[in-house]
Structure formats: structure tokens, C-alpha cells
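Put chain B on the given structure of chain X with help from the hints.
As you go down the protein sequences, you meet chains X and B in turn.
Using the numbering used here, you'd call the opening residue of the first sequence number 1 and step up by one each time.
Using the numbering used here, you'd call the opening residue of the second sequence number 1 and step up by one each time.
Pairs involving identical chains hold if they fit within one copy or between any two copies, as the list cannot separate such chains.
Below, computed lysine-lysine pairings styled on BS3-like, alpha-carbon distance capped at 27 Å:
1. K806 / K833
2. K592 / K475
3. K335 / K85
4. K701 / K592
5. K475 / K635
6. K85 / K6
These are calculated hints, taken from the structure and not from any lab test.
Because the structure is a prediction, the values reported are computed rather than measured.
Number of protein chains: 2
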Amino acid sequence: MAGERKYIYRFGNHALDGDASMSAELGGKGAGLAEMTLLGIPVPPGITISTGVCRFYLEHGAFPTDFEEELGASLAWLEDSVGRKFGDPRNPLLASVRSGAAISMPGMMDTILNVGLTRESIHGLAAQSGSLRFALDSYRRLLQMFGAVVLEVPKKEFDNVLETIRADEAALRDSELSEAGLQSVIEGFHQAIERCAQTSFPQTAVQQLSMAVHAVFKSWRNERAQYYRRLNGIPDDLGTAVTVQAMVFGNVDQRSGTGVGFTRNPSTGENSILGEYLANAQGEDIVAGTRTPMPISELAESMPEIYEELFAITGTLERHFRDVQDFEFTVEKGKLFLLQTRAAKRSALAAVRIAVEMVETGLISSSEAVARISPATINEILAPQLDFSQGVPEVLARGLPASPGAAVGRIALTAVAAAGALHGDPVILVSQETTADDIHGIVAAAGLLTACGGVTSHAAVVARGMGKCCITAAKDIFVDSDIGVLRIGEAVFHEGDWLSLDASSGRIFAGKVPLRAADGENAGLRSILRWAIDQSPLAVRANADTPEDASAARARDARGIGLCRTEHMFFALERLPHVRAMILARNTPERKRSLNELLPMQQQDFEGLFREMSSLPVTIRLLDPPLHEFLPPRKDVDAELLLARSENDAGAIQRAELFLERMQALSETNPMMGHRGCRLSITYPEILEMQVRAILQAALKVAAEGFVPLPEIMVPFVASAEEMQCLRRLIDEAANEVFANHGESIDYSIGTMIELPRAAVCAGAIVEHVSFVSFGTNDLTQMTFGFSRDDAGKYIDAYLNQGILKSDPFATIDRGGVGGLMELAIRQMRARKPEIKIGVCGEHGGDPASIEFFVSIGVDYVSCSPARLPVAQLAMAQTQPLRRIAVPGQEHVSQC
Amino acid sequence: MAGERKYIYRFGNHALDGDASMSAELGGKGAGLAEMTLLGIPVPPGITISTGVCRFYLEHGAFPTDFEEELGASLAWLEDSVGRKFGDPRNPLLASVRSGAAISMPGMMDTILNVGLTRESIHGLAAQSGSLRFALDSYRRLLQMFGAVVLEVPKKEFDNVLETIRADEAALRDSELSEAGLQSVIEGFHQAIERCAQTSFPQTAVQQLSMAVHAVFKSWRNERAQYYRRLNGIPDDLGTAVTVQAMVFGNVDQRSGTGVGFTRNPSTGENSILGEYLANAQGEDIVAGTRTPMPISELAESMPEIYEELFAITGTLERHFRDVQDFEFTVEKGKLFLLQTRAAKRSALAAVRIAVEMVETGLISSSEAVARISPATINEILAPQLDFSQGVPEVLARGLPASPGAAVGRIALTAVAAAGALHGDPVILVSQETTADDIHGIVAAAGLLTACGGVTSHAAVVARGMGKCCITAAKDIFVDSDIGVLRIGEAVFHEGDWLSLDASSGRIFAGKVPLRAADGENAGLRSILRWAIDQSPLAVRANADTPEDASAARARDARGIGLCRTEHMFFALERLPHVRAMILARNTPERKRSLNELLPMQQQDFEGLFREMSSLPVTIRLLDPPLHEFLPPRKDVDAELLLARSENDAGAIQRAELFLERMQALSETNPMMGHRGCRLSITYPEILEMQVRAILQAALKVAAEGFVPLPEIMVPFVASAEEMQCLRRLIDEAANEVFANHGESIDYSIGTMIELPRAAVCAGAIVEHVSFVSFGTNDLTQMTFGFSRDDAGKYIDAYLNQGILKSDPFATIDRGGVGGLMELAIRQMRARKPEIKIGVCGEHGGDPASIEFFVSIGVDYVSCSPARLPVAQLAMAQTQPLRRIAVPGQEHVSQC
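Next up, chain X with everything else stripped away, as it sits in the complex (with noise of 0.2 Å):
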């Protein structure tokens, strides 16, 4: 062995140079067995070539020079502990070649078994076991691997041939075929090699040896690994390792056999070793599946002392690993050999289930099991999904993922009939987009599916505020609401055809395709997250507009509201006409009566909020959207015009064009960058003293009853330090007001959404005026990149395809662009006003990657949608939180 660089580890026969804590230099699966060597477990001796000779073959295009001298004495060591020799025509030794590299990785050279056996050698392996055929076969198996994977030969090749010759044998699988079959397909394998291969297939064992490593250290570098690689991240300098492991037989005789299982059952989580077992085969004959296996609880009967040992080394695996084992093994001649173990992959659901079980027995603390719990997969648990086990339909056209979940139901295309249908039946409403006048058939539906629209669509938000399943952006389907048709690709449906949503990924299907409910009230998962939230370095909230929403937050533990839409409320059905007199009055006074009308309405609603949320922060922003979003659409007015004047209605003729008059007056070209937010409190300050007045009274009122109101009271679209302290000014008086009225005052604090750039530039003149803020990270993506939400859906796909763009930035926040401006924000903030609260309320409050970002930049809570909030506390709890501290002066943008 060479002196101080090591090339090769050993494993099995109770030698051993490494150990699981070695996979970078040992890979995945060398780690694996060497860990299982040290644990005392059966594993068939072998060798692994470490990933730096990997890294050192793809640098130089050859290897060290002395790790030929190295692998001569470790295959000798080998040759030892088994008893056999490499290419010893009479007591052949046999092994597999595998690649390992730290991360398991799709796409690269698997595995090649029988490496060593050569024509002359097959007598002897024939007498080794007892058995020609079984000799024979393990020749044919090999030819077949190491043809496809080092020689590159076509695979449909070698089936053409065994088709040939199984039928002239009348053979319907290939453990049928006679010796003389077996020949035969031995023979056509060796022309097919020589044909397509042009050359031969390598006679001696050492030979088979070498280009076996040679392939396996050259297939990480082939385009799909390399795809693979980039994809994921993973450094392209890596490499990877060569396990070269004895082979024991499976297929020698019936008590031989070979396996796969889990230490737990990786659907469900149950606590029992789930697997299957095929006698007298080797491993790819499980995964040919024309065998069927039993389940390895069988072994127990047929096999008791194997089954005991198997079920006490995983027993042992589980717990050294502290994690539920995907494991192989194969029983030779009666003897049990583990081959491989490693932690398994496994469903949200078990996941969740493993985790609290395993906590509950002590093996892993409650913080880990936080952390193996993957956010974005338990909306699998919370969200009903489509039942694909009896397989998946034709997929009719797909969308964007935008609220997650399933819907099952029939087709309303407006939202009138969305509200209005009367078969009983839950409904999809499918529309080119939504308004927010919409939102009564939003209401009723089951699902959203819209042609228009992105992730941050009105659809999509609204969807995921009220936990409805949402697909956006189906550029494919066209609707006709006039005629009632709706057009996806060629084919057409009618309102009241049946359709289902995979809005988990955007696929939309005709028909009804079999729902699996949500699970809302699992058990493990409300484990999880008290841990989680336990252990959070910050809190995250919920954006809630509704007593109701507030009440179902609270039910999640949110930390208290970090959005209260106000003008939500304004859409309900008996406030719209109080609104649009509101919205339609010529003058100050006019409006004012308006307002007063609505004033009861508004402020039962905070009393409601203030009411759930007892002794938590409730940020209530005023309100937000344009006032033509309250009008009712253009061709209703029109067809009212219409109509009045067909009947010659004069008082309804001079309506009708009033409203048309104002309709034009509000209407504008860009609505998102209009006269909305505090534009409209320093034009209507009547509106803003309303709010306030319906804020404070509520909370008086409340506070009254016993509970702790503690309003926050949110200014949005705030551009200007001028704005924010004129804006302030009038809160203030209103509030005074109320309280001499009332003669008691109550606590309240002002702050300010962060939503446009020219807010984060000045932040720090800003933040002299509030007392908190909160980056609303829709608005503030949208005018950062120029995006138009309600219209980016057409072409973000082609930026996304081309890679201009990584994510969606309405999903994930753009940390370069956005990202950059808020940490210039919070760092003009922080220098002015050391104690001011940060928060977040847009859509990325929800995304695992968003919140660690927010987190790293100092960020105080994140406030999210009720059915996010699982989401948000699990991958707020696996944050760090690092907050940086912010120092004047520094270079700000590190991202671009």
C-alpha cells in the first residue's frame, strides 16, 4: 500500500479502513458498508476506490502512478478474505463494480455484477456452485451489463437476441431456457458485442476490471449527470468513488435469495420492516418484475433464522443511523449478506410520523426531527391531492402550480354561475382571469383554473389566502363565456362537465379523477410544528381579513396578523352600494355620508379580528386597491345605459351616465401604478379617519369586553417621508378624536409597507415616522422588475425555459434585485432607528427559500396565508438566524 496518499479502502472480513463518517472520499455506498463492517454486520468483502482517484483520473485522463501497485495488493487482500483468485479458471472470484459518490446521483454508471468470469472460468464457477446453468447464466448476465454500460451497445441488442432464442425454445421468461439456450444467447450476445462494440469482449478478469473503473469514473462526466449536477447544485469536482465487492449469489440454489426493504414503511410511516424477497434470483430480477416476489414478513416462516438476523441487523441499522433504511440483501447457500443501506426516501406522511415516532422513543431529539421534515412537501399531507395510484390520465394541458392541493368538480365559467350553480356538486371556475368582483364564485368554488395571470394573479392570491387549489397562466385554454364554451387544446367542454386540478403541478384533466383528502388534523404534523415554532428565532403571522380567517390562524398558532386587507371587506354584497355612493359622490360631504354608513360595518369586522386575536398584534392596512376595482364592469353600466334609454327612463338614463362619467374619470391605463393606497388618503383623507375611527372604536369596544386589542395600523404604497408624515398627522388627529369622543384612549402604532422602490431607497427618512414597517414583496417585485402580475404569465415561461430566470420571482423572491433593495432598506432603517420592527406580508412570506432570505437580512416576523402558515413556521424554524448587523457605509448590493 502506498505510503501517504490513500487510493483504496477495505471493508468486510473484518478488515477496515474507513467509516461512515468517510462518504466524501468513499461514496455514498462505500461509507455504507464500511460503517455496517465496523457495526459487525455480513457483508461481502470488497474494496473501494477512493473519489480522489476519480478526480485525479478526470484532471490527468489517467491514474496516480502508484495506484496500480496499491490495487494489485488490495485486490490480493481480497483474493485472501474470500478464498478465490481474480481470473482463476477453476475457483474464479466474482464481484460487482459500483459507482458511489457523496450524493446519489441519477444518470451515472450503476452497477455491473460477475466482473472476473470469463469463458474459461465458467466451468470452474460452475463447479464452485454446482450448477452449468447457474454458470452459465451469470455469464450472460454479465456480457448483458457490461455490454450496455462499458461498451455502449445498444440494450434492445441483447433483447432481440434472448426474444430470438426464447422463442425458438418456446421460453417465456429467460429462467426457462435450457443449457443449451443459454449457449446459444451467449454466443449472439458475444457477435452483437463484436458488431456494435467493434471489439471483443475482454477475456481476462483484470482487463474487465479496469474498464470497468474507467467507465464508471467517465460516466460522471456524461450529460445527464452533468444536467443532473447543475441542476442541483452540486460542485462539478466531486467525483465519485468504485465500490468492487465480492459477489454472493442469490440465484445459486433454492435457499438463496435476494432482497430490497425498509426499516419502516416509507408511505405510511408504520413502524414495521417492509419489503420483498425473491428466491433463487439476483437482484435485477426483482426489478424486472417478470417474478413476483414475496414480502419479506414471509421470510419469517419460510426462512425463520434469516428473518430474525435480518430483522436484528436492521434493527441495528436503524438505530446507529438514527433513520428509517432502504437496505439490500441477498441470503447465499443459506448465509444472510447485507449489500447496501441507506437512509430511505419517504412520503410527506411518513415522514412526518417516522419523525414523532422516533422522537417519542427517544432516538432523535425534537429539533431534528424539525428538521428533516422538508417544508414545501407537506402540503401533500395538508392539501387534498389526485389519487394517481391507478395511474396517471392524459394530462389535457398544465398551468402554473399557483395554489397547491387538488379539485375535483364541474365547470362554471363565470363567476355568477360559480355562486348560483344548483347541482350540489363542488365547481371549478375557469376564467381568463379574476376580478375582484369575482369573488363571490371564488367563494363558492373548489378550485381556480385561469387562461391569464402568474403566481401573484388576483386569482392566485386570493386562492391561497382562502386555501383553495389554483392553476394560473394556462395559455392553452380559451374561455367563452358568452356561449358558455370552454376550449382547452382541441377539445371542448360545457359548464357543468366534470374537471379535475393538480394544482400541486399545474396539470389539468377531463373528467373526475379519484381525490385524496387533505389531512388537516394530522396528529405527527401538529407535533412537528409546535416544535417548530417552539424553536423559531422569529414569528410568523398570518394575513387574515376575516374574523374567520383569524380565527382559523389562530387554530395554527400565527403569532398575530401581519396583513388585514381591508378593502375585503368592502366587496361584501351589502357594503358594495355604500361603496360605490362612496366612490360616485361629487363632493366631501356626500362622500361622508357614505363613509358613515360603512363605519359600523367596517369597525364590527375589527372587533371580530381583535376578538380571535387577543393579546396578539393585528397590522391592519388601510385601504389599498384603485376605487374603479368597486365598480362593477364597464358593459353592465353600458348595458344599463342601454336599456334606460330604450325605455326612456330619464332618472335612470342621467344614472347610467353619471356613472359612466365617473367610471371614465377613474378609469386608468396602469391600475397597479395608479391612484391607490395612501394616494388615496392624502385625496379622500375621509376615507383614512373612517378606518381609523372603525380601528380604535373597535378596539375600545373590545378592550371593554375583557380582551387586549393591539392594532397596528398600516399605511401602503407609501413613495415619501413627506407622505408618511403627513399621513401620520392625520391618524393621529382621528385617533385623538376618538378618544376625547370616547373619553379613554387606547394604545396604537403606525407604520408602513415597504412595496416601492423609491420607499426602500428612502427607508431611512421614512422609518423616522413609524414605528414598524412591513415589505410588501408582491408590489415591490412587480415595479423592481417591471413585472406586471396580473399579465407576466406570458412571457416569464420563456424566461424561466431560457434560464434568464432561475424561479418564478412572485414565488421565490429575487434576492439579487428585490432582495438587494431591501437589504439597502433595512440597512438605512437599522442605522436611524435601531428597535424599528421588519416585517414581511407579501406572497414570499410563504416560500421556504423567501424566509430564509428575510431571515438572513434581519427581518423581525413574516406574515403569511392561513394555509401557508405550516409551511412558513416549519421553514422559519430551520433558518439560522444570523441577523447581520447593519453597518452604515457598506457596500449594500452583493447579490447581482
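Frame of chain X, contents of chain B only:
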């Protein structure tokens, strides 16, 4: 006189303590009098109490302890100089008391004459002057001025007394009053003062003097003066001086008189004295206008020695101060005294002529001449103006002055009507707002008036580009084009009625107001501009879309084209069908066919531009607006479909339906943040390819003709480095294809616009892929503020009125927010690529205040519409080219 500190400065009678350089201490008047003394010009002797005394007084509420002593000594000197004594009943010394801040300031106390006269000394003055009437009248004047200014008696109290007694005596004017009448007036004034001021008129000269000085000092703090200082950014702690000057009397006999004049004509700039003289009068008699003064020139005949002396003196003054003077003088018994001299206010026309003629005679340098012309005023010369010399008619309504100038024409309410008007008279196009589709109507119109929009709405931008006058955001107008009616407030107009626009002030008048033509060929202005360009630290380019624009720009010495908007070429009538076919194309080959039709037309445009701009850079921006802007209005297509259906024309129905479907697919909620700019190039690279081909083929062609094309290809609306990298590759590929086809190549450069906040934040990364950038400050302002320029007019007024915005950010760059982003971008770019060429091509490129800022943050050039070139060239010449060094890591936002 006190030792180290000097409170009071003497002038006149060969004594002199100060000079013109001391205006900070002496105020403007005091410094002028000191300087005239120095020049040996006859001025009545006097003393100036320094601004330092005022500052002390305002701080301590009293004079410095040693001030009284110095004042006594100074007054004694003054008495000696004149040979009269304050308060001497037989030989009284009278004085004028005037305020005099360093900066002339309306609202401050101005002048009190005849201070020192008492009931007792009236007869002494009568004896001195030989006229009791004169003495009585002088006392009457003192009571009136002192009463109103020092004692704050309402002016009408004195007017009432005068009117009563004039009526008693049947006198038409004060000068016709008898001595007895004057006595009655004096008694009446005394009573009025006692009644209103609760005090009697002080009867010692010292008391009068002291009270007058106090009054001057206090007036520094009055509301109007404070307001004026705030408005003009004058520091509050400068203080005012007080000048006490021996009276000379122009109203003592017929050999006396008083006059005011200018050394050159302040309206036309003609080099001859212009002014008025009134015999036997004091200064306020000229102002009162009750007697008609004679032109100064007539003095040459009536008092030739006086005229000659005055002519010589004013010549000396003009040469000495090197500027046109505005002077006041008095003749007392045939002896000339100058009372004041200062730089004269003048019209833009006069300013230009005077400056140029002073350069020609060597009085000032050409750079001084350039510095003396205010850029904002030269529009008075360049654009036609309404002629208000016959009075200003009633203002019908007001809007924003979006493009300067004036227009008088007949109303057209649609672009079609404007373009098709047969009456041959000029047309004013009036509409709610204009769109790209209205371009032919705008071309045909003399002026534009829109109800909506702001100073950078479509109408405003296009109008300024064409040098047409435009008023936008005229909220009181309502256009009903369907019935051809325009309502402005209560007034109703029809198409064809006359309307007059004063777009320089935003005022709208009914009917035909006389129009004064523009003087675009003004030779003086051409000289000024030539000097300005020679002195400019940085280049001014023009925005030009057509060869005609380019020709106009070159005639005005543009240093290149900074922005050619290729979409304006797409709107030409003969091209729109191809453009629309391109947009409606269902696939790439179809789209390419239409683009091939457009290619030769685009190429021809570019050839024209390159020929006009040979040897100067031409920046061509790739297609920018969303495609739906090129489609006809929705209602037109609806109408077409209706017609087709009524005619049962299946082909037409299908065409219209296809059109509608495509329109629906293209329509956007917020087109400003839509599928536009480089997003079109990402999704339809064939459009970019066509444009690049057209640009470079044109360049090759004109180069072969001997011209020197310098094409710069500019990519709009870039948000990320990844976009720019991708597009740079596409452009280079298209270019290489052109060069390969032609067998020759030509230099071109690639740049981008910085008009999205994200581009500013990430400019350091973007700049790696370009060789120039141009700030699109219009869009950058829109996105940074979240102000849609087409809609912001609705609330921006309220922001300006409430002082939340100091100026319209679309007219003058917002230094704190938008400017902060620009600085941030420039610092990053210069750090990564110091040689990067940085321009500005938004509307702000023509605004003097913005240009000053751009130069201060280190841009290399600005570009503006050809009509604004002179203003921009002049403003650029007046900036300080103090380029700040980019220091990475430096705190970057300093303006908030």
C-alpha cells in the same frame, strides 16, 4: 465711532466707508450708493446701518450697546455734510429711510421719505425751499408713508381723508389742493393715526428715525418676507441693512423733477436709454400714474445739461457694473442726483440681444454672456406666445403646461377629424387622452389639449418631440367625441369652434387670442447657443425618430442622436398593415414573412438617419411598446365583427374573430409593466433580428456612399444581466450574418437602457455586457414611484399643492429617490467598467435643474427632443462639470 466693530457706513460728499463688494453688509442699495460715490457720481450723502445690526437686533431684541453712540456720530457727519440739522426747526435735515437686503425681497418695508419733518419744522422747510405748499405737502407725504408703514394704519384711512377734502375743494388730484386744503389733510391724517395706532405721530426727528429703523428690521420677519425666503431658499439669518439718506426734492419747483430709466431697452434690448421723467414731482408720483411723465429722451431738449450729465453717468454705471442698469434720479433746482442703480430685469429677447452686443463691444466675455441667459426663459423666443398686450382674457380652464408655446385654432375632437379638417385653419386636437394611434391627428394639429395624462403622458411626449404646444391634465374639460361636444366647465364647444392655448402657463381661452410668432432664427440666440456648446463640459444629443427630426436636430447642433424610437416608424400608415400581420401571426414563419416586408422600410429610415448624422453617434432603440399598442381600438374591431355578422360574411367573421382572440390574448392590465421592451426580443427574437439587419444593412449602404454611420444599438427595458447577455448574443449573431452576406463589416456598439429599478440595482452586473447605457428616466421615475405617467395627473396636483412633492418628478428629476438609484447604478458601473459611456434620454434630458443633477453624478451626455435642444444646451453650459469619483463602498443615498 466704535473701535473694532463697525455698524454704520457713510457714503456721498467725498466720504466713503464701503463699496459694491460689501453687499452682504450694506445690502444691495447701500452697496450701490457706496459704489456710485466711489465713481464720483453725485449722490445725496447718507449712511447705511449694516445687516449685522439687524442680525443683532433680531437676536437680542435691542441694538448693540455702542450702536447709539456710533449712530449719533454718523448723523452728525451727515448733518455737517448737508449743512442742515435733524430736528432743527429753521433748517431741518430730512432723510429717506430704506431697507436693503443683499437679495431684493418683496414684502419687506421699502421706503419712507421726508423723515425728520415735524409740525415745528414745516416752516423751516418752507423757508429753505421758498414754498409753504411744498413744505406742507412734504409733511403730508411723511404722515401718510410713516403712518401706513411704521404705525400700520390702513391705507384707506388716508385715502378717505384725501378724497373728502379733494371733494370739498373740487380738486381732481392732490397737487391741486390748496394750502388750506393740505392743512386740513394733515389734521385728518393726525387724527387717523391717533385713532388707528393709539399713538400720536412722533414730533422729534430722532424718534422718527429710530422708529423707522425698528420698522425696517422687524419687517425682515413679516409673513410675506418669510414665505418668499422659504420659497427661494434664502437663509433666514441674513438680515437687512437700513440706508438713511439726505433728501433731495424733485418737487420743489419746475427746475426740479424725478425720473427712472434703463440704460438699454429691457423689452427689446435696443442700446438706447429708456425711461421717464416727471418735473416737479417725487418718485411716488410717477408710480401713482396721475400725471403723465415724459420720455427721458425729451430731457435732451428741455434740460440739455442734465441730459448730457445723466447720459454720461449711466454710461459709466453700465460700463462699471458691466450690465444694463435700472436707475433712479432726482433733479433738485437744476442739480442732478442719482438715488439708486441696480442690474435691470429684462425679457428673454432683450437678455439675449444685450448679452451678445456686450460681447461684441468687449464689455463681457462670451462665457459671461452664456451664464446670463436663464435656460427656462428662452422658450419665450423659440415658441409662439399669446400676445396679452391688449389684456388677458378670462381663463376658461387650466391644465399642466406639458409642452411650451401657444396655439390658436379650431377644435377637433378626434385624430381623424384633426387630420381631415378641410377648413384650412389651424386645428387644436382636444381629447380625453391620446394614444399612439392618434399620431396623424397630432401631426396635423397646431396644439394639443387633453383631459388626462401628465407632463410625460403620450400627448406631452409626442408634442414636445414635435415642438408643438400641449396642455394635459385639464381636469375641467370633458370630451364627448361621439356627439362632437367639448364641455369646459359650464361652457360648451363644438368641433370647429375657436380655442386658444397658452401652453407655457397651462391656460385655456375661448375664441381667438392674438398670437405672437416664434423667432427661431433669432441671430443673437444662435450666437449664445454656439458659445454654450463650445463651453459645454458634456454633449447634448437629440431624440429623433425620422430623418426630418434628425435634420432639425443637426441644424440645432445636436452632438448625435441619443434616442431613436423605432416604434414610431411602425405607426406609419403604409406599414401598419404589415405590423399588424406580424402581430397576428400564429407562428414564427408567418411572423418572419411580415417582418421581411417591414425590413426594407425600416432600413430606409435608418439610411436617412445615418446620412443626416454622418460622423455622429446614432442610438437606435429596439422595439419597445407592447404589441397591442399597434392594434386598432377594441370597439373598432367589435364594430367590424358586428357588420360582418349582419352581412353574413363568413370570411370576414372569421378574420374579425381571430383578431379579437389575438387582441384578448395580447391585452394587458398594466401595459406599462407588460410584455414590452427586450421581453419582446426574448419571446420573438425574429423582431430583434429584423431590426438589427435593417440597422446594419443601412449602415453598410450609406458607408458605401461615403457617409460615416456610427450605429449604437440600444436594448430597452432590461431588468437583468442574464437578459442582456442573451440579447447581446442574438444581436452579434444577426450582425455577423449580415456581414457574412455582404462580405464586409462595420463597427457598431451595443448598449442598454437603465429604466427599471432592478437594472439600477444590478447595473454593475449588466454593464459587463454593454459598451454604453442610457438612463430612461421617464420609466425609471414611473417604476420607482409606482406612478403611471398616464394616470398620475389625477393626484399629482394634490401632492404638489400639499407640498408633499416639491416638483413634478416627471418634469424635474427626483434627486432623493430616482436620483439615488441613478447614483447607485453609476457608482457600480464606473467601478466595474470605468470607461462605460453613460447617457440620459428621458424627458428630464431637456430640463435645466435635472441636467445640473445629471452632470453632478457623472453622466457623459443627455439627449432631449430637438425642440428642447437650445434649453438643454444652455443649461449644460451653465453646469459645473464636477464629476464625482465613484468610490465603491461609499454610502450612496444622500438626498433622502
